[in-house]
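Protein chains in written order, with my numbering: chain R, 1 to 487; chain B, 488 to 965; chain F, 966 to 1064.
By construction, these hints were calculated from the structure, which means they are not laboratory data.
Among these hints, one or two may not hold up.
[As the list claims (entries may be wrong)] Here's a subset of chain R near chain B, in silico, CB distances under 8 Å, partners left out: (1) Pro-93; (2) Asp-280; (3) Phe-284; (4) Ala-407; (5) Pro-409.
[Stated by the list, open to error] Taking lysine-lysine pairs in the BS3-like style, the calculated list, with each CA pair at most 30 Å apart, reads: (6) R:Lys-461 - R:Lys-449; (7) R:Lys-395 - R:Lys-414; (8) B:Lys-628 - B:Lys-836; (9) R:Lys-88 - B:Lys-628; (10) R:Lys-135 - R:Lys-226; (11) B:Lys-836 - R:Lys-135; (12) R:Lys-395 - R:Lys-426; (13) R:Lys-484 - R:Lys-395; (14) R:Lys-135 - B:Lys-583; (15) R:Lys-88 - B:Lys-836.
Where a beta carbon is used, it is the ideal one built from N, C-alpha and C, also for glycine.
Below are the chains, spelled out letter by letter.
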Amino acid sequence: MKTRATTGPAEGWEYVIGLEVHTELKTATKLFCGCPNAFGEEPNTSVCPVCLGLPGSLPVMNVQAVDFAIRVGLALDATIQRSQFHRKNYFYPDMPKDYQISQYDVPINAGGHLELPSGRVIGIERAHLEEDTGKLIHRGGHGRIESAEYSLIDYNRSGVPLLEIVSAPDIRDPEEAKEYVTELRSILVAVGASDGRMEEGSLRVDANVSVRPIGEAGFRTRVEIKNLNSLRSLVRALEFEGLRQVHLYDDGEAMIQQTRFWDEARSVTGALRLKEEANDYRYFPEPDLPPVAPDPDLIEDRRAELPELPSTRRGYLARVLPDLSDDLRETVIADACWPYFRAAIDANITPARAAARCANELTALLADIGVLTPARFVEVLALEDRGELGASQVKILLREACVDSTAVPELIAKLGLSARDVGAIKSMVAEVVAPFADEWERYLDGDEKIAGFLVGQVMRKYGRQISGADARQALVELGDEARKSAD
Amino acid sequence: MNDEILDWGIAELARRLESREVTTVEVIDAYQEQIAIQEPEVDAFLSLDLEAARRRAIDQDDRRSRGETLGGLAGVPIALKDNLCTTAFPTTAASKILEGWTPPYNATVVDRILAQDGIVVGKTNLDEFAMGSSTENSAYKVTKNPYDLERVPGGSSGGSAAAVASRMALVGLGSDTGGSIRQPASLTGVVGFKPTYGRVSRYGLLAFASSLDQIGPLTASVEDAALVAEAIMGHDPRDATSLQEAAPSLVRPLTEGVRGIRVGIVTNLVDTATPQVQASVLRAAEVLTQSGASVAEISLDELAFGLAAYYVVAPAEASSNLARYDGVRYGLREAGSTVEEMMIATRTKGFGPEVKRRIMLGTYALSAGYYDAFYVTAQRVRTLVRTAFSRAYEAFDLLLCPTSPTTAFRIGERSSDPVEMYRSDVCTIPSNLSGDPAISIPAGVDADGLPIGVQLLGPALSERLLFRAAYAVERGLR
Amino acid sequence: MTNRIDQEDVAHIAQLARLSLSDEELIEYQSTLSRILEVIEVMNSEDLSSYPPMDHPLETVNLLRDDVVHQGLDREVVLAMAPSSEDEYFRVPRILGAP
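Only chain R is shown next, with the shape it has when bound in the complex:
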């Protein structure tokens, strides 16, 4: 295992962090019923007897949720096994049956690991399926649970499939926690299991955190922090909590195992005045659901179909473009960009150019990518690689190729972006420069500043057809020719 420099909560201390990441699976319907698994619907409209826990209703497992769980398990190198649902019994008004159907001692995915961009490997303990709860809205008392006068419930989210991915306590500082969540998120998106939208709550993180003096082997009492709704909250909450714990130890106070909530507004973690009731969840096998035993053939099919994971893409990039900056690399390996980049490399486009066009032009166009397929993207870049189009032309062409499905050569003609002809460019430059006799003389005398002005004039007239670099090149060549003939 690689090591890296970590930042402790205080001099001589280190963090011990394990994360529980709950991801909503991107199924069409909920885990146990045919209600739509949709975000942002009108309250209490995606509900039925099953997800409202009406008397007599029964759950039936969604095959697609199993499929997604298997894909994530494979991506995390977990063991995929026959699993059994259990009931986790506790009363809470957002949970319609007052028990949660979850996987307990036999989760569908056991073990596994995740390699961070830093090279560090974080252990995965399990990734299991469970149902989400409804949403509570607190009224009065500034909408806070502890001061609310009453609460309202929307059960649309009730029964939405969740995959809970539990890491080993291998994470050693808040930045690494962020790196872990970011990496896990991109894996979840890559295998198609999640849309990864933290802001919509489709990825939620609980952190188990303790601190210990550097060099101490055992684990100290841990605190679970809930309500971490963004990467920023995650980092800040861990930093706050680590320091809080160090201070408690410094003051000789006892650490209590408890659940705390991150209060974003006040930037503190706080314990809720929850009644001290031992977590006696009375798990027992869910009698309404037979075990799920994934077919080994299905698992092998899914393994074969597994998309390239971020770590694989990083490894590939390290070979073809070893000097790429971290930012550029992470942009290029993103799911939306990657197929374009790979297509470009496969077509022998210069890797640096492919990366630059992906990171700059393509990223800006992704929201409205329309009919710009990887093949068309590659076609455009190939023209640039062969020197037939300049950078500014490529930019225009790519933008148009999103909305206009005309074949690339015809599109170039249609836009008047004639492929580069050095002679033609020189005549354009000569034509534009001709009225500026004084400026031309100053240029020939070596005034480099005036060159910019002249190129600007060319671009004003022929910018759609030629690139600035080409215009400058033509200007240089015309200048050289003029000086030569004057000699």
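Given the structure of chain R, go ahead and fit chains B and F onto it with the hints provided.
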């Protein structure tokens, strides 16, 4: 005429309706009259809607006169246990916690009954959430045994049993978690059938103990039970524990007889019964022998542990199944200043003493530190019971034993002693633990004129043979 | 007869099950639960270690459904069942006690 109508079984009723000897409206009117006489005495129903039944009858007569072919249960007045969801009636499970609640959907069995043109006349009384063996645990009323109004009809499907026994309905549907169809059938002199676990969809049955519950018919005859069973069995995609197997044909093979069938009398279960009940079991054995079956004795001592295991598994599952009655989404709500106080007030007010007792027992059995000693041990007993049955079914095709150790007891006689009450189920519980089918058949009356039932047990999916034997016993004892 | 469960246990279970018991009920439940537990404990007289626990009568696996949307319930119907609602929501008293 009316009295004659009440005597007809499903097949005969169908014949007479088809030949226009009688109209569906006349049938419903006959039952309405009988209900008017019997119900004030028997108290079998929690809700009745004879006007709706009559409208349905008029519609069926219309359809028939237009030459339409009607379903297999056309014109059959049916009483549903009030733990089956119905959009046309409130569904309370005889609990205050669901008073006035009308489900927005029908149980799968209800849809199937309606698809076959069955006519639901009302919903019947039960022990609250089917927890009991006497129907005394209803929050609304105590149903009486039509044979002796001082006595219980058994339970928990006591309302359906009493309704069929007093001819207020031709068919009753019940649910059986530890004997709740068979024991009341036995105590009221009707046929009660618990199918193999998974044969009948549980969708829309208010769950008591999910790994034990099965819905089944209570009828006047074995043939009627077979007809109803055929209509309600078969896979339902809404119940993940419903079997993929198609519903077996049960009516046609009824007359095939039992020649060559091996039947084992379970002696240790016979021993639990009163001498008169024991005598009925022996008479049934004799009938089977005379019909060509070979009958021998077998002792299955392991079944004795079933009672203990049942009183762990059923309450454990119930404690979880009944958690949802919390005052948030439907049913009763009592005021409380916090959600927790509201839930406690609601549940404390809404549940009766026996339901609370079982919730407490189940919560205890599942709680930290006791799970292995109770729940896991009870699960091992289930394997033990199943192993005992497997051993028996190596030597026998079917088993014979009493349904209930006693005939109907007096109202109030056992209600103060839950353990004594629980022992009523000792002969019926093993089939629920193993998931196997069983049927109770009337087998005469005791010295007080109270009905006695005998029980035939078979291995999983053996319904065809089970019904053939039940039919033979019924004919032989008649 | 010895009690197999003490009153503290009974009170704890009642709290877990969201039930409140009067003092008389506490005593009564202690006594009846103890009697029932006595019956249940006969299981422990047998060595059952060779019998694996049976979760369920069915031995089938993978009864799954396709990921296809089905019509649910109308909100009006759903909220009409609710003991208390406000706007488009179910309404409940505050989750936590007053400060």
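Results for each hint:
1. A distance limit of 8 Å between C-beta atoms decides the matter here; for R:Pro-93 the minimum to chain B is near 5 Å, and the interface restraint holds.
2. Because the beta carbon of R:Asp-280 sits about 5 Å from the nearest beta carbon in chain B, less than 8 Å, this interface hint is met.
3. With 8 Å as the threshold, the beta carbon of R:Phe-284 comes within range of chain B, its nearest partner Cβ sitting at about 6 Å, so the hint holds.
4. The beta carbon of R:Ala-407 is not positioned within 8 Å of any beta carbon in chain B (closest approach about 49 Å), and the interface hint is therefore violated.
5. Annotation: interface hint on R:Pro-409 violated; nearest CB of chain B at approximately 54 Å, more than 8 Å.
6. With a CA separation close to 20 Å, the supplied pair R:Lys-461 and R:Lys-449 stays within the 30 Å bound.
7. In summary, the hint linking R:Lys-395 to R:Lys-414 is supported, as the alpha carbons are separated by about 15 Å, within the 30 Å threshold.
8. A C-alpha spacing of about 17 Å is found between B:Lys-628 and B:Lys-836, which places the hinted pair at or below 30 Å, so the restraint holds.
9. With a C-alpha separation of about 35 Å, the suggested pairing of R:Lys-88 with B:Lys-628 is violated against the 30 Å cut-off.
10. Simply put, R:Lys-135 and R:Lys-226 have alpha-carbon atoms about 15 Å apart, close enough for the 30 Å limit, and the pair holds.
11. About 28 Å separates the Cα atoms of B:Lys-836 and R:Lys-135, which keeps this hinted pair within 30 Å; it holds.
12. For the proposed pair R:Lys-395 and R:Lys-426, the alpha carbon gap of about 22 Å is at most 30 Å, so the pair holds.
13. With a CA separation close to 35 Å, the supplied pair R:Lys-484 and R:Lys-395 exceeds the 30 Å bound.
14. For the suggested pair R:Lys-135 and B:Lys-583, the alpha carbons sit about 28 Å apart, so the restraint of at most 30 Å is met.
15. At most 30 Å may separate the alpha-carbon atoms for a hinted pair to count; R:Lys-88 and B:Lys-836 meet this at roughly 25 Å.
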